[in-house]
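Trainee: Each chain, written out:
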Amino acid sequence: MKAGPSPEEIRRHNLGTLLRFVHLRGPASRAVLAESLGLNRSTIMALTADLTAAGLVREELPRSPGRRAGRPSLVVRPESTRVYVLAFDVGVDRLVVARVGLGGTVLARRSTDLPRGDVDPGDLVGALASSARALVRKAGRDAVCVGAALGFPGIVRRADGRIIFGPNIHLHDLDLGTALARRLGLGVPVRVANDADLGALAEHERGTGMGCDNLVYLHGDVGIGGGIIVGGRLLGGEEGFGGEIGHMVVNPNGRACACGARGCLDAEVGEPTLLDYAGRVQAPGQAGREAVRAVVDAADRGDAEAREALHRVGTWLGFAVANLVNIFNPAMVVFGGTLRDVYLGSAAQVRSMVATSALAAPRDRVKLRTAELGDDAPLIGAAEFAFTDLLADPLQVPARLREAEETPVS
Amino acid sequence: MPATPVLELRGVDKSFGPVKVLHDVSFTAHAGEVTALVGDNGAGKTTLVKGIGGVHAFDRGVYRFDGRPVRPRSPRDAAALGIEIVHQDLALCENLDIVENMFLGRERSHGIALDEAAMEEAAAATLSRLSVRTVGSVRRRVSELSGGQRQTVAIARAALWDSRLVVLDEPSAALGVAQTQQVLELVRRLADRGLAVVLISHNMNDVFAVSDRVAALYLGRTVAQVRTADVTHRQVVELITSGRSGDLGPRA
Amino acid sequence: MSTDLPKSEKPAVKFAAGDFAGDRPPGDMRSAALDAWQRVRSGDLGATPAILGLLGLIVLFTALRPETFLSKGNIANLFTQALPITILAMGLVFVLLLGEIDLSAGVASGVCAAVMAKLLVDAGQPWYVAVLAAVAVGIVIGTALGAFVALVRIPSFVVSLALFLGLQGITLRLIGEGGTVPVRDDVINALANKNMPVGLGWALAAAVIVGYAATEFLRWRGQHARGLAARPIQFVGARVGVVTLAVLGGTYLLSQDRAPGPIVLAGVPWGVLLVAVLLIICTFVLGRTRYGRHVYAVGGNAEAARRAGINVTRIRVSVFMIASTLAAISGIVAASRLSSVATNSGAGNTLLYAVGAAVIGGTSLFGGRGKARDAVLGGLVIAVIDNGLGLLGTKAYLNFLITGVVLLLAASIDATARRRRSEMGR
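Taken in sequence, the protein lines are chains A, B and C.
So in our numbering the end of the first sequence lands on 410, straight run, no missing numbers.
So in our numbering the end of the second sequence lands on 1252, straight run, no missing numbers.
So in our numbering the end of the third sequence lands on 2426, straight run, no missing numbers.
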């Protein structure tokens, strides 16, 4: 039998919990921290001192002197401009790179258009690395990068972050994380995860799903991705390939999907299908999300063809949601990316299908919501993912980085 | 679901002279929920809302707020109870800025001078609580804002006070798609923050996108009040146009 | 990725500058400049046209009459000339803010002055009784006017036109046809004709500057400390700088000996102090009190104000009362300047000059926009035109024509700006 946790482990855990609290919930006074974390004030003081020494938080007077009752108590604030991560979102037709500070502040971002179709892995790494370097250069001298993570629209193995398959970006079996980490040379690994999984994480921690431990997130980019959170944890399955809602078959006699099957959700409600139904040809250079929004816009103005297209797509989306509701009994289903627009433009159809196809018991309480973080959900999720190491052991990461700095890189 | 609805109307009648506009209307709105009020033009939606907001009194019937019988005689009475109505024309002063509009008629002061700092802080806090990031500075004049931004300000004003019930009359009429979506999401967040929200809309997608319940009026009568999760588009449209749909609607 | 944190309401993602304009750091010079430009583009010109016009006119008349226009005597004369117009205009600003008009304010000032003169001369009352009576008459006129507009709902244009005619009759009755009543009271006459000691003038000027600078900087610091929307400190500094220059310049010019003979005649006229005090009070009332906020609200959208629980009727009546009260004070100052009250006091173009002053200063004829300082700026413009044309010796018909053109110009700027605003809105 394993002995209880050592004092060192408890301290590490408490440091992580405190840092995580100010990271997710914003600046807080010691009193609030003590009450929220269930620790006494002297412990809080010691923990804060450690985190301050490591340069992760600072204590200062609250911004507003405000109501003149008594001496204002000090507020523990994350060092959001000095401690940051790099978040990468690889979309089918664009790349976004952001520098995100501790506390979740997007400090700077760059996005680049990506031509659709075959992508050379070397070019992809090069484009991501050069954007990232431009962002790092603009950071202050005393700022330190404590992690990096990347969201990818495809099948990613959780154990090592290896990209197994990208249906809409033609990449196979690629260790993008290691390649990118080497090019960046910042001494931090680049974690890789499925973009919709990251979106689910972001909406769960910072978006509309805050406080909701059972949610399903559906992300539309070109295809459809999904992330499922059960009991506060992201569902992955045996190897982390789980949650691919986009490849749930909703229509066995349906359209061919890039994955090889027929009638996947991806094939029935994805962007090419919607545009096809609406009789639109994507203008060259127009991003997919704009084309989708144009269809919703036209439908709202009374364009019959666009309405019909949304109606058909909404039917399949409704089927999918009904199935998900039956299987997972989520408290919330969140529509992000282009699905936000598709859902709002076809909500009557989607909910009608849910009303007729889902079981009454799980259907009764489920909330259908749009993503509060919009298109940025995967990006914000990547940032949260990148902070994982730091939050698990707050003092170790800065120490390691400092060591690396002192020993010259060969 | 809380046992007591925030708003409960039962057997409400209202006539203007010989014209009977509302006949035995029942309607409830629960905290944390968006209740969509649908019906054709002339079904009595506006009259119902005006009655709720104290613009005119109902002739007969039960009006309970938080379980207590009430009888608001003016919009002021209604506001004192925690009822805010956002009319279609918004009622904003274009020459004033966002903060000034949000506090109009209920300004905070410090002696005889206005306490601008406190009002600005409270307005900014309300907007950020509702995740409104689209209006720019809170000191922008309303005349500089777009239609959707104005709608946002009008709704946020209703949420600034300790309101319990917010009624929105066609908030997305005359807005573009992107702005409509923002307004719908704002409507949803109001309810998620525990307010009871009543949404009047003609757009079925809007109704289904944000509502938890749908109440349908037909020729001055409530023909159904059902959970949105239990009905289909076709059923709601039938209720609006013919007053009944299968099992739903009054038995003949 | 477990979340075992207590769930509390709070911030979703915070975005840095650039993502959303609303989250930019307060006091950023570039965005403030952009804001200002945006305002100008959307037709919110503020005091700019009036200040530019004033400077342009001064340069013009100095060039045409270099030896007389900027002479010390003429400057002092110019200031006292502007006094009655400015005070009358300040009252009209309140009425114009509601989008109403008071055509009777000029003759109301005449009636009040006549009442004062009669009490001083015929009844032998002390000056303060006469002044109080004049102000009381002003309040009564304003209440009656406001009641007809707000309660009986007759357009203010019609009610005040009726009063314009009727009140002239009362002045005529009080003073007698073609007559004048001389005002010999020392206190009254001192108002426009006597100056305060030079030292006191400088002391008050210093107090005004220090007070203004302190209010502005304290407000800026408060906003900055609490993270509120604040203009950059450079803007605040520039404003304080301009006001300081104007006050010091004016005081300097008025503190020079302007008497042609050996007797020293110098100092700021008492009437200027009166205008300064009225300006501070009106600015405070309009800008910093609940009442002022409600005046703007009713002027901007009366229906919205009514729904917000503002007593629109009371606000309507009150602005007419304020306008007539200030008209009474204006009448007293005018009587002081001429040392007499005549049957045509406050008649003729007095009112049009005052409306012109307010509009030239930047107050909108359509309601909802305007400030007390507009009256001062516009009053100076009108006085400069009147005074300058007088020095040029132009014919009377030309004076009327030119003043009319200037008023038309100001109203056009106002109307164009208003159109731009409504175009920019959506």
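Please keep in mind that the hints were generated in silico from the structure rather than gathered at the bench.
Keep in mind that a hint or two might mislead.
As the list claims (entries may be wrong) - Computed footprint of chain B on chain C, listed as stretches where at least three residues anywhere in the stretch have a Cβ under 8 Å from a Cβ of chain B:
(1) 2098-2108
(2) 2218-2229
(3) 2304-2310
Said to hold, decoys possible - Listing some non-contacts, in silico: residues in chain C with all C-beta distances to chain B over 10 Å:
(4) T2244
(5) I2263
(6) A2297
(7) G2300
Every residue, glycine too, gets a C-beta built ideally from N, C-alpha and C.
Trainee: Work down the list of hints and note, for each, if the structure agrees.
Mentor: Going through the hints against the structure:
1. 2098-2108: violated (count 0)
2. 2218-2229: holds (count 5)
3. 2304-2310: holds (count 6)
4. T2244: holds, 24 Å
5. I2263: Nearest chain B Cβ is 46 Å from I2263/C, so the label holds.
6. A2297: Per Cβ check, A2297/C is inside 10 Å of chain B; nearest 5 Å; violated.
7. G2300: violated, 3 Å
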